[in-house]
Amino acid sequence: MTENIKLEDIIKEENKVFGKTAFLTDNPLSYCPGCGHGTAHRLIMEVIDEMDIAEDTIGFAPVGCAVLAYDFMNVDMQQAAHGRAPAVATGFKRVYPNKYVFTYQGDGDLAAIGTAETIHACNRGENITIIFINNGIYGMTGGQMAPTTLIGMKSSTSPYGRTQELAGHPLKMTEIVATLPGTRFVARHAVHTPSAVRKAKKAIRKSFENQKDNKGVSFIEIVANCNSGWKMTPVVSNEWMVENMFPYYPLGTLKDE
Amino acid sequence: MTENIKLEDIIKEENKVFGKTAFLTDNPLSYCPGCGHGTAHRLIMEVIDEMDIAEDTIGFAPVGCAVLAYDFMNVDMQQAAHGRAPAVATGFKRVYPNKYVFTYQGDGDLAAIGTAETIHACNRGENITIIFINNGIYGMTGGQMAPTTLIGMKSSTSPYGRTQELAGHPLKMTEIVATLPGTRFVARHAVHTPSAVRKAKKAIRKSFENQKDNKGVSFIEIVANCNSGWKMTPVVSNEWMVENMFPYYPLGTLKDE
Amino acid sequence: MTEEIIIAGFGGQGVLSMGKILAYSGIMQNQEVSWMPAYGPEMRGGTANVTVIVSDGRISSPILTDYDTAIILNQQSMDKFESTVKPGGTLLYDPNGIIKHPTRTDINIYKVEAAKEAADMGVPRGFNMIVLGAYLKIKPIVEVANVGKGLKKSLPERHHHTIPMNEKAFKRGLEIVQTVSALV
Amino acid sequence: MTEEIIIAGFGGQGVLSMGKILAYSGIMQNQEVSWMPAYGPEMRGGTANVTVIVSDGRISSPILTDYDTAIILNQQSMDKFESTVKPGGTLLYDPNGIIKHPTRTDINIYKVEAAKEAADMGVPRGFNMIVLGAYLKIKPIVEVANVGKGLKKSLPERHHHTIPMNEKAFKRGLEIVQTVSALV
Amino acid sequence: MAKVKGAIVVDIEMCKGCVLCVGACPFDVIGMSKQVNGKGYHFAEMVKAEACTGCTSCALVCPDTVITVYRLRPSKK
Amino acid sequence: MAKVKGAIVVDIEMCKGCVLCVGACPFDVIGMSKQVNGKGYHFAEMVKAEACTGCTSCALVCPDTVITVYRLRPSKK
Amino acid sequence: MSEIKLMKGNEAIGEASILCGADAYYAYPITPQSEIVEYLTMEQPEKRTGMVVLQAESEIASINMVYGAAAGGKKAFTTSSSPGMSLMQEGLSYLAGAEIPCVVVNVVRGGPGLGTIQPSQADYFQTVKGGGHGDYKLITLAPASVQEMADFVPLAFDIAFKYLNPVMILTDGIIGQMMEKVQFPEQQPRLTDQEIADKYPWATVGRKKGTERTIVTSLRLKPELQENFNLKLQAKYREVEKNEVRYEKIQCEDAEYLFVAYGSSARICQKAIELARAEGIKVGLFRPISLYPYPYQAIDDMTNQIKGILSIEMSAGQMIEDVRLAVNGKVKAVHYGRMGGMIATPGEIVEVLKTKFIGA
Amino acid sequence: MSEIKLMKGNEAIGEASILCGADAYYAYPITPQSEIVEYLTMEQPEKRTGMVVLQAESEIASINMVYGAAAGGKKAFTTSSSPGMSLMQEGLSYLAGAEIPCVVVNVVRGGPGLGTIQPSQADYFQTVKGGGHGDYKLITLAPASVQEMADFVPLAFDIAFKYLNPVMILTDGIIGQMMEKVQFPEQQPRLTDQEIADKYPWATVGRKKGTERTIVTSLRLKPELQENFNLKLQAKYREVEKNEVRYEKIQCEDAEYLFVAYGSSARICQKAIELARAEGIKVGLFRPISLYPYPYQAIDDMTNQIKGILSIEMSAGQMIEDVRLAVNGKVKAVHYGRMGGMIATPGEIVEVLKTKFIGA
Ligand SMILES: Cc1ncc(C[n+]2csc(CCOP(=O)(O)OP(=O)(O)O)c2C)c(N)n1
Ligand SMILES: Cc1ncc(C[n+]2csc(CCOP(=O)(O)OP(=O)(O)O)c2C)c(N)n1
Ligand code: SF4
Ligand code: SF4
Ligand code: SF4
Ligand code: SF4
Ligand code: SF4
Ligand code: SF4
Ligand SMILES: [Mg+2]
Ligand SMILES: [Mg+2]
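Chains as they are written, first to last, in the working numbering: chain A, 629 to 885; chain B, 629 to 885; chain C, 372 to 555; chain D, 372 to 555; chain E, 2 to 78; chain F, 2 to 78; chain G, 72 to 431; chain H, 72 to 431.
Among the hints, a few may not be true.
[What the hints assert, rightly or not] With a cut-off of at most 20 Å between alpha-carbon atoms, the simulated EDC-like pairs for lysine to aspartate or glutamate come out as follows: (1) B:LYS644 <-> E:ASP12; (2) D:LYS457 <-> H:GLU310; (3) E:LYS4 <-> E:GLU51; (4) H:LYS401 <-> G:ASP371; (5) G:LYS118 <-> B:GLU793; (6) D:LYS457 <-> H:GLU350; (7) H:LYS76 <-> H:GLU315; (8) H:LYS280 <-> B:GLU678; (9) E:LYS4 <-> B:GLU642; (10) B:LYS648 <-> E:GLU51; (11) B:LYS634 <-> E:GLU51; (12) G:LYS76 <-> C:GLU484; (13) G:LYS233 <-> G:ASP269; (14) H:LYS118 <-> A:GLU793; (15) F:LYS35 <-> D:ASP491; (16) D:LYS451 <-> G:GLU295; (17) B:LYS640 <-> E:GLU51; (18) A:LYS640 <-> F:ASP12; (19) H:LYS279 <-> B:GLU674; (20) C:LYS457 <-> G:GLU419; (21) G:LYS279 <-> A:GLU678; (22) B:LYS843 <-> A:GLU793; (23) G:LYS270 <-> G:ASP229; (24) A:LYS634 <-> F:GLU14; (25) C:LYS457 <-> G:ASP229; (26) G:LYS280 <-> A:GLU674; (27) F:LYS49 <-> A:GLU636; (28) E:LYS49 <-> B:ASP654; (29) A:LYS648 <-> F:ASP12; (30) H:LYS118 <-> D:GLU528; (31) B:LYS834 <-> E:GLU51; (32) G:LYS401 <-> H:ASP372; (33) G:LYS270 <-> A:ASP684; (34) F:LYS40 <-> D:GLU528; (35) A:LYS840 <-> B:GLU678.
Rather than coming from a laboratory, the hints here were simulated on the basis of the structure.
Make a model of the complete structure from these sequences and hints.
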């Protein structure tokens, strides 16, 4: 049955079923090999592309490994102070209610220093999308413990493993914001398998659709590996993530109103 | 049946069934007539008195009408920056694990600027008592809207009533911290009636007992009037509180582990 | 002409708004004015005072340590401000609640039973206008007509219905002020 | 004696720890030392370099713009640092991955096939010790015995089992360094 | 058993006249004085002293802790 | 219906050799090259090109978006 | 010009912001500036001009909300008082580092720490030297009357947008709480989104097809880039120093002595001049209006004429350093100040002048 | 003294803190100071001495945790880098206002804003003039070697407890990241709770029966009280200025020109002196070690001897103002600096010296 089709016959523009969206720039991503940030970036940009809203979309990325997101996302962007993206985005969205606004925040950023700004933006019901990349660690600064670091997990500031006695339990910001009336769509996803990627993208799409409908905060956590911080290969880190992160941070939709 | 007992016969030291605890100083309270802060102060001091732990108790009060708590509470106290009492108390308790520590915070303090410090102290499970006086307003600064101000409620910065569109729904910090594993006892009380006062006191007592047992955070919200800020008489303000605050902030124990 | 006045009493007596009406009245006749309250958390239920300056020229400091006139509405304020009246200056007070009456002999002293009068007239909120009337009787630094205009300006629209009451009280003040001891 | 050295290569080649061992070796013979890395987020997987100074006297600036010796371990570093060797100074490099070989004629140039040798010896982690051996062969600024001591000091206890391997690699470096072009 | 008799003493100068004790008393013992104290507040006073049981309800709600409560449990006759 | 045929093109210089695509491919099409690119990474390449269905799984998980996928649905014969 | 109003300085700031077409105000309550938030919620500017007023959850949120709106080209501002201003220092450094124009008002109270709510001028150093980290400057205006409180709001926005830098209005509880006559200009329209997009290429308003995206950032990881940026910033500050020096001289023509004072202290000094001149002492007032850029040259220019300078501040002596830098040893410059909410009286000031310069 | 170690400056701070008997360290990660947190978690000081190490949720939490522990009489400290330090300004003002002794380390990076992680000295103004609000001072030490990083930790604690004031160690990424030889003193025991209670009456350790309660506060609502407190603070600062001035003079005996530089810039200047003297230029180095109190007098004392001062900083020119205030016009004082993580080379510095003073 095997037909002898040559590669050249397949690799033709008209046969292209997947290529890079024009809303990712040509700059090579600054992330470590296998880091989840890259895929998360792509999904947001694909959604913006597909919804054709790039002209009206502004992104807000605070510090963290994704501080240079503006080098890769081909839309207008503001770099925000550590933890303050929800406030910065609020300030913007209130004067530009018809623009699409998303923040892109790490767990150190959103769940530590930015706790107040996150909760209050969610509580006010700002009509924005919050993308929350939870890799359980401070990636950019060299793998320090984050509020999200799992019990027993080693990091450069919990070299013998996080203990509940010293640092408490890992904080589930997503569960918290889901309790607030200001959030309308709250979900936790991952980007480690093709099907996870598809689901994550759907959620991101929904979050932008929600903005159109003035629905308040859409909050999407993406559990991702920080293989450098975890000191594992990308493949192993994803396995570790499935085994250890997902039980504590279960994937799924927490709220959809 | 009425015996002719003279007042002088009754008013004797040996017949005293209620008097001011020695752990309230003689300074007249700086609060407005009828303000809930006074009763809350007393209950804490009575518990400390009854448990005989004054020598080992340190209080932490940030700004708010109770910024002068140290003028009234006859124990060692630290005045903390706005919103930061949970961090200040953490810093202290970690180096004095055997002392009793309580913070005394208003809703503007705990639920606005201090959101991050509150959530993280609760999440780490600091072995402390947090007393949270929720009067739905910034009392000290002249009655501005707080995150806890009810929808429709007027304040000096919501002169036409708080709207959900502008400011979101009132934030229930107590419900949030109850979801964190670091809190062991979370309750909401009031001090407007004798029976409410008794219950509130029991909860406060329990919170200090918990510290003895190294049980993590005990968090007690006390819904109170700010009659000045609400622009009502004390009596009316308590009625208004029962009718309007309690339905949204229901009294009771949220968590006791 | 420059008149430097301190008005001092309890919070709730209308001290601040009396100062404001006076200042607005000055504006109505093209004078320079300043109004500087003491502020603080003690304001609530505590004391209140305001420094008002009305002048034909540019006003320098809005804060003063001595005054042409002190209008004193409770004992605490008497204790604090009697001594701050410039020699030859004026002290006007409401004797209600005053235990230690002023004793200075180098100033002009007047009194106005404003609290009592306000109660008698059944307009407790007219208290401060009675005092203002008394003051302007002694020191007509602004014309009566301009007080009416000033009053209207200083009140928000929704309170304009109180104007007649206030004007009545003001007129009463003009009438009932009494000299306690005037220099020459 | 003052020797100012830059060691430059990829992150992961052991550039920083090589500098540390060298500095510790200096300490073992009572010299002053400084070790100053270039730091930054690009460190991760990117380039790494460290300035090491070993001196008999007080060390002034730990940061330099030209060096007595440059030890160069990849092309990027060659591009950046060849020109920074002082005239009469020394450049030591591993030719592995080098496309543009050094061309200066006013300096002494040596090479050491450390990457290849480490692979051949089956001790990829011994790479940097081979380079260090090569360097100290050319410039014996610290005694071999002190390198052993320095190595031990610079390694945390739990890595002491690697000392024999490292010493073997170091000795190999002493042997295999080659002169490319030496002045006089 | 004889009826329990009580009495309260209000620290008049410290009372702020908030009236909360009045509502808290189950036996309408307390009223506000016509007079004012040094701070200008109408203070609380017993207006039906004979009804006081010394139950402490008033004292429990007094924000300024200015009420002291006494209770006499007459010995059984 | 004829089998769907696919192919991928890896932007070799941009590939970081993370190996995630290898595991994502349901048909074991991808392997890592012995060679390294300019950045020193072993890059991904098709090692069983004939098995590729153009399902895009590999591209979906590639964090650097360096895989382009093509699919040919041969016309029914 | 509108009719004459009697208003508090704080209220005048609120009204002036609406009238000058400000787009957004984000702030957090603190005494003695809360009247600004209160005025702006009471006035419902959202109905008058569409201006947004939002009470933030903290001062940190306020300043970062300002960042977001202002980086979108909108006229945004915030206000606070000393402790709140300390919390904004990171945000201010970011605003300067990202070259975002905005206005910030500090109604100073006595410090350090929680201190007192009474007026003070002890945040001078924080404002004009370094509050936040790094080499940046806040262009700083110090109003001395309610009218200037009103006037400096549009002025501050103009300067901010001209130089793409945050502008501070540094005032205190006296000017904030006092009422004086004030007149406002006509209502200025707010810019439309389209006007902003056309006028401000640096603003993030959405990337139009076929154009480059706009990035607002203060990050320059490579030191070469960071230094280039710093040099650009410094060049801008030299421009500011050339163009934006503002001051007022009062009774300086014949002055043999000089008070240097800004804001409310300058008002008190005017009274002190009255007293001193009544005694025959020829003293004038030099009032810096812009605190950064500081009028160094203008003060230096007076050194020939005068015998001494008395710098009056409600602080332990902060601006005096700039006065000394201005005169560079040419005349004696002495500080006199009260602290913690206490205010020097005019008489007291004259006494000090006499002891320090004349009596001795 | 222990054996000689080779350590990073950041690590030396960590080790020194354990050895000097510090009780608590609260901090938040930021480059280029994260090694301190990392060293202290790796070293498990809780096992060595019982010292507490806790990573806080933010810099604001860190400094306030320090407040809590230090107000209990414990030796507490925190560390950060520029943006984090800006966030601590309110806390620092509170600490000074409540007279709480503690140590704070700023490993400065390039700003403003997020800037760069490369070394800088552009937080000088923030540190020694006013970062936070109100009239207060941070006693500031500027180490120029890893040994000084180690030595200044116990010194800073001693000074802090002597004056009941926060003490800042102002350093930068160069000193923080470099390794040098360092020797540590013997382990000092931590004070027991009882010793603290006996030694520090101001500490909140629980009110003993029959004694007055202890209150730690920076609030003084009444302006009279606040001013009295301010006067007391200022008197304390005059004491500090008398006792705690520290500096080093290098090759100054015959110097005709003077470099003034602190910290890592002073190291680079030493190299520049080597170069300059090789060319016959007699230049020396004046290195302020205490930045507050600044060695004004010691610099002034040199004005007879020298022809000019070149102040070298990794900034746009901040310390130069203090140099000018010191010399008060007596000699020309010129700033030269690089910014944003760029570092002046010794050769470059000599060139500037020649152009500004000798060539011309
Ligand atoms: C005020 C402030 N504090 C600290 C830092 C240092 N810092 C930069 S990124 C970061 C956290 C990064 O962690 P996360 O948000 O989880 O992002 P990730 O790198 O893991 O994606 C920190 C602490 C900073 N830039 N600013
Ligand atoms: C950093 C800072 N911001 C603002 C303030 C002003 N302030 C003092 S108390 C307070 C809030 C008081 O409200 P709450 O905490 O609810 O206490 P309450 O007075 O209602 O009991 C505010 C905003 C301050 N002191 N510090
Ligand atoms: S450090 Fe972690 S989060 Fe950052 S790029 Fe690398 S893998 Fe990703
Ligand atoms: S303002 Fe409100 S909270 Fe404050 S004392 Fe008065 S009633 Fe109590
Ligand atoms: S003790 Fe009980 S009965 Fe007596 S006055 Fe108080 S509330 Fe009433
Ligand atoms: S409750 Fe207390 S303060 Fe209030 S009226 Fe009664 S006695 Fe007075
Ligand atoms: S497109 Fe599908 S079949 Fe082809 S290589 Fe990728 S994952 Fe494998
Ligand atoms: S997933 Fe992408 S980057 Fe990773 S190996 Fe495959 S092609 Fe290369
Ligand atoms: Mg992370
Ligand atoms: Mg409140």
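Hints versus structure:
Restraint check for LYS644 of chain B and ASP12 of chain E: satisfied, since their Cα atoms lie roughly 15 Å apart, inside the 20 Å limit. Distance restraint check for LYS457 of chain D and GLU310 of chain H: the Cα-Cα separation of roughly 50 Å exceeds the 20 Å cut-off, and the hinted pair is therefore not satisfied. At roughly 11 Å between alpha-carbon atoms, LYS4 of chain E and GLU51 of chain E fall within 20 Å of each other, so this suggested pair holds. A threshold of 20 Å between alpha carbons decides the hint, and for LYS401 of chain H with ASP371 of chain G the separation of about 16 Å falls inside it, so the pair holds.
Distance check on the hinted pair: LYS118 of chain G and GLU793 of chain B sit about 15 Å apart at the alpha-carbon level, within 20 Å; holds. A C-alpha spacing of about 18 Å is found between LYS457 of chain D and GLU350 of chain H, which places the hinted pair at or below 20 Å, so the restraint holds. Of the pairs offered as hints, the one joining LYS76 of chain H and GLU315 of chain H is violated, with about 29 Å between alpha carbons and a cut-off of 20 Å exceeded. For the proposed pair LYS280 of chain H and GLU678 of chain B, the alpha carbon gap of about 15 Å is at most 20 Å, so the pair holds.
Restraint check for LYS4 of chain E and GLU642 of chain B: satisfied, since their Cα atoms lie roughly 18 Å apart, inside the 20 Å limit. A distance of roughly 23 Å separates the Cα atoms of LYS648 of chain B and GLU51 of chain E; the hinted pair therefore is violated under the 20 Å criterion. A C-alpha spacing of about 9 Å is found between LYS634 of chain B and GLU51 of chain E, which places the hinted pair at or below 20 Å, so the restraint holds. Taking the CA atoms of LYS76 of chain G and GLU484 of chain C, the gap is near 32 Å; set against the 20 Å cutoff, the hint is violated.
A distance of roughly 15 Å separates the Cα atoms of LYS233 of chain G and ASP269 of chain G; the hinted pair therefore holds under the 20 Å criterion. At most 20 Å may separate the alpha-carbon atoms for a hinted pair to count; LYS118 of chain H and GLU793 of chain A meet this at roughly 15 Å. Using a Cα cut-off of 20 Å, the hinted pair LYS35 of chain F and ASP491 of chain D holds, with the two alpha carbons roughly 18 Å apart. Proposed proximity of LYS451 of chain D and GLU295 of chain G is supported: the alpha carbons are some 15 Å apart, at most 20 Å.
Straight-line distance between C-alpha atoms of LYS640 of chain B and GLU51 of chain E comes to about 16 Å, which keeps the hinted pair within the 20 Å bound. Restraint check for LYS640 of chain A and ASP12 of chain F: the C-alpha separation of about 16 Å stays at or below 20 Å, so the hint holds. With a C-alpha separation of about 17 Å, the suggested pairing of LYS279 of chain H with GLU674 of chain B holds against the 20 Å cut-off. A hinted pair counts as satisfied when its Cα atoms are at most 20 Å apart, and LYS457 of chain C with GLU419 of chain G qualifies at roughly 17 Å.
The straight-line distance between the Cα atoms of LYS279 of chain G and GLU678 of chain A is roughly 16 Å, inside the 20 Å bound, and the hint therefore holds. With a C-alpha separation of about 11 Å, the suggested pair LYS843 of chain B and GLU793 of chain A falls inside the 20 Å cut-off, and the hint holds. A distance of roughly 14 Å separates the Cα atoms of LYS270 of chain G and ASP229 of chain G; the hinted pair therefore holds under the 20 Å criterion. Between LYS634 of chain A and GLU14 of chain F the CA atoms are separated by roughly 24 Å; this puts the pair beyond 20 Å, and the hint is violated.
The suggested pairing of LYS457 of chain C with ASP229 of chain G is violated, with an alpha-carbon distance near 46 Å, which exceeds 20 Å. For the given pair, LYS280 of chain G sits about 16 Å from GLU674 of chain A by alpha-carbon distance, which is consistent with the 20 Å threshold. The suggested pairing of LYS49 of chain F with GLU636 of chain A holds, with an alpha-carbon distance near 16 Å, which does not exceed 20 Å. For the hint pairing LYS49 of chain E with ASP654 of chain B, the CA-to-CA distance comes to about 29 Å; that exceeds 20 Å, so the pair is violated.
For the hint pairing LYS648 of chain A with ASP12 of chain F, the CA-to-CA distance comes to about 11 Å; that is within 20 Å, so the pair holds. Taking the CA atoms of LYS118 of chain H and GLU528 of chain D, the gap is about 18 Å. The hint holds against a cut of 20 Å. Restraint check for LYS834 of chain B and GLU51 of chain E: not satisfied, since their Cα atoms lie roughly 37 Å apart, outside the 20 Å limit. This hinted pair checks out: LYS401 of chain G and ASP372 of chain H have alpha carbons roughly 19 Å apart, not beyond 20 Å.
Only pairs whose Cα atoms come within 20 Å are accepted, and LYS270 of chain G paired with ASP684 of chain A is accepted, the gap being roughly 18 Å. A hinted pair counts as satisfied when its Cα atoms are at most 20 Å apart, and LYS40 of chain F with GLU528 of chain D does not qualify at roughly 34 Å. For the proposed pair LYS840 of chain A and GLU678 of chain B, the alpha carbon gap of about 59 Å is over 20 Å, so the pair is violated.
In summary, the numbered hints that this structure violates are 2, 7, 10, 12, 24, 25, 28, 31, 34, 35.
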